[in-house]
Amino acid sequence: MEWETVIGLEVHVQLATKTKIFSAASTAFGAEANTQACAIDLGLPGTLPVVNEEAINMAIKLGFGINAEINKINVFERKNYFYPDLPKGYQTTQLAKPIVGAGHMDIALEDGTVHTVRIHHAHLEEDAGKSLHEDFHGMTGIDLNRAGTPLIEVVTEPDMRSAKQAVAFARKLHAIVTTLGICDGEMSQGSMRFDVNVSVRPKGQTTLGTRTETKNLNSFRFMERAINKEVQRQIEQIEDGFEIVQETRLYNGDTDEARSMRTKEEANDYRYFPCPDLLPVIIEESRLEKLRAEMPEMPEVRKARFINELGLSDYDAEILSAEAATANYFETVVQSGGDAKLAANWVMGELAKTLNQNDLTIKNCPVSAQVLGGLIARIKDNTLSGKIAKQVFEALWQGEGATADEVIEKKGLKQVTDTGAIEAIVDEVLAANPAQVEQYLAADEAKRGKMVGFFVGQIMKASKGKANPGMVNQLLKQKLG
Amino acid sequence: MVIDPTTIASIAHLARLSLSDDEVQLASGKISAIMGLIDEMQSVDTNGVEPLAHPLDAVQRLRSDEITEINQREELQANAPAVEKGLFLVPRVIE
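Chains as they are written, first to last, in the working numbering: chain A, 1 to 481; chain B, 1 to 95.
Because the hints were derived from the structure by calculation, they are not lab data.
Quick reminder that beta carbons are idealized off the backbone N, C-alpha and C, glycines included.
Don't take each hint at face value.
Short derived list, chain A residues pointing at chain B, Cβ under 7 Å [as the list claims (entries may be wrong)]:
{"hint": "1", "residue": "S23"}
{"hint": "2", "residue": "N34"}
{"hint": "3", "residue": "C38"}
{"hint": "4", "residue": "E53"}
{"hint": "5", "residue": "N71"}
{"hint": "6", "residue": "V75"}
{"hint": "7", "residue": "F82"}
{"hint": "8", "residue": "P84"}
{"hint": "9", "residue": "S131"}
{"hint": "10", "residue": "G138"}
{"hint": "11", "residue": "M139"}
{"hint": "12", "residue": "G141"}
{"hint": "13", "residue": "D143"}
{"hint": "14", "residue": "L278"}
{"hint": "15", "residue": "L279"}
{"hint": "16", "residue": "N433"}
Between the sequences and the hints, there should be enough to build the whole structure, so can you do that?
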């Protein structure tokens, strides 16, 4: 039987505010345990939460970014359950009146078509603390630094039909929130976490199958693997005559193993009710107008501009516009280098490769966009060949000079474009290899192209890579007839 | 509307309240009486009345995003039963 996969996502996006959603304690990552947890975060009696204005603003911007309605009256509620990393005994969240209403996002599929994913709503809530299960004499350690960190949870309709589509949605959302500057996008630090709801049904059936929810996936790769694994499991279960049990599952990316966490029968009754400590949040039209004016260029628009104005391919434009940091870097390289195609090749090629090798991101890249632009300007004006440019880049990366020009000067790497000088080397190489010249002249036209590579290689070697390859080729053609 | 003892027992469990059988019976009677009052209130015609999320006729004030709460771990952990390496220790939690 042919099966169809149905996927819906719940995405927790950690907002990049300086302070918590209801307290003025810091949200900075990596602090010593419990040094950023104040009386409000600890849920001590007598404390009163006050909503962080920036969290509201960021949620509204997200709403604009996903083409959604903003609910001008929104209400915080208490979701009640007991867990040690939730000291209040409830999570403050939104249910009936979330800040962001229905919206939608378009994702580009591999076959070039556009697929629309409807967003059910997005609501503000607080994060919980962390439980450390290492052995503390048979006890569990609790760090509440993360408790109260603002999250916006984006809930989609079950509109995705494959793991690839779900990942495309996740990447697009990542691009949107980083472009808006409302999330740092650091997946490894848990800044974006995905819960995936997966079900399968015979192709053509309109009703939905029983779904399972796999929680807390924190990388695109794990998400894709977890979905494919769950789809496979469900199909096998059904084909073996079992029913799918509605349950919450956990997936371990390191071991690629999934297991059941709890079934629906054991599911909590959260007894939601409006939080009496917090009044309804009223959003004035003036706030919406101000925030609308602050909206940056969205990734989709930027991508189109990269294609139309800079002449990039669809593929290059997609990669370069996906993350705000990369897109900004790239644009600066284009401005100071003067060549979009070269800039694209370098940012996606040598730069990305070197960043990867050194486990760095573009945000902490040792070579600034202006400096890389300066290097590209020297490729463009023929001062450097592509090969030597890589040496210059390497030197810049190692801090052996502040600009490409400085490195070129210091190391004497200027490309030889003087015809006389190149001609002398060409003659030298041809004279030193009479046998190869004879073979070349005796060969068919079709084979000559390959053979000429030998001479080019020898000449580049003799010139220590500094001869302009275009001129070398031209001279060789003249001399070999 | 009657809230039976089984429901009372499960709500008590969710709220981590330890009630004896007698207390469950007592609570069942009292809460059922309150539900009667609520049933009566629900018979009031509220058509055209905006639902209220909060009894105060006021709006939430917003706070500017500035750090004013500094580290007070020592004071805040002073009355915790068990602390180690800056962590609160609680009975082992099994996922």
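Now for the hints, and whether the structure bears them out:
1. S23: With a minimum Cβ separation of about 6 Å from chain B (threshold 7 Å), the hint on S23/A holds.
2. N34: It holds, given that the least Cβ distance between N34/A and chain B is near 5 Å, below 7 Å.
3. C38: 4 Å, holds
4. E53: At 4 Å from the nearest chain B Cβ, E53/A passes the 7 Å test, so the hint holds.
5. N71: 12 Å, violated
6. V75: 4 Å, holds
7. F82: At about 6 Å, which falls below the 7 Å cut-off, the nearest Cβ of chain B leaves the hint on F82/A intact, so it holds.
8. P84: 4 Å, holds
9. S131: Status holds, d = 6 Å.
10. G138: Status holds, d = 6 Å.
11. M139: M139/A check passes; min Cβ-Cβ to chain B is 4 Å, inside 7 Å.
12. G141: 3 Å, holds
13. D143: 6 Å, holds
14. L278: This interface hint holds because 6 Å falls under the 7 Å limit.
15. L279: It holds, given that the least Cβ distance between L279/A and chain B is near 4 Å, below 7 Å.
16. N433: 71 Å, violated
Against the hints set out earlier in the document, violations occur for numbers 5 and 16.
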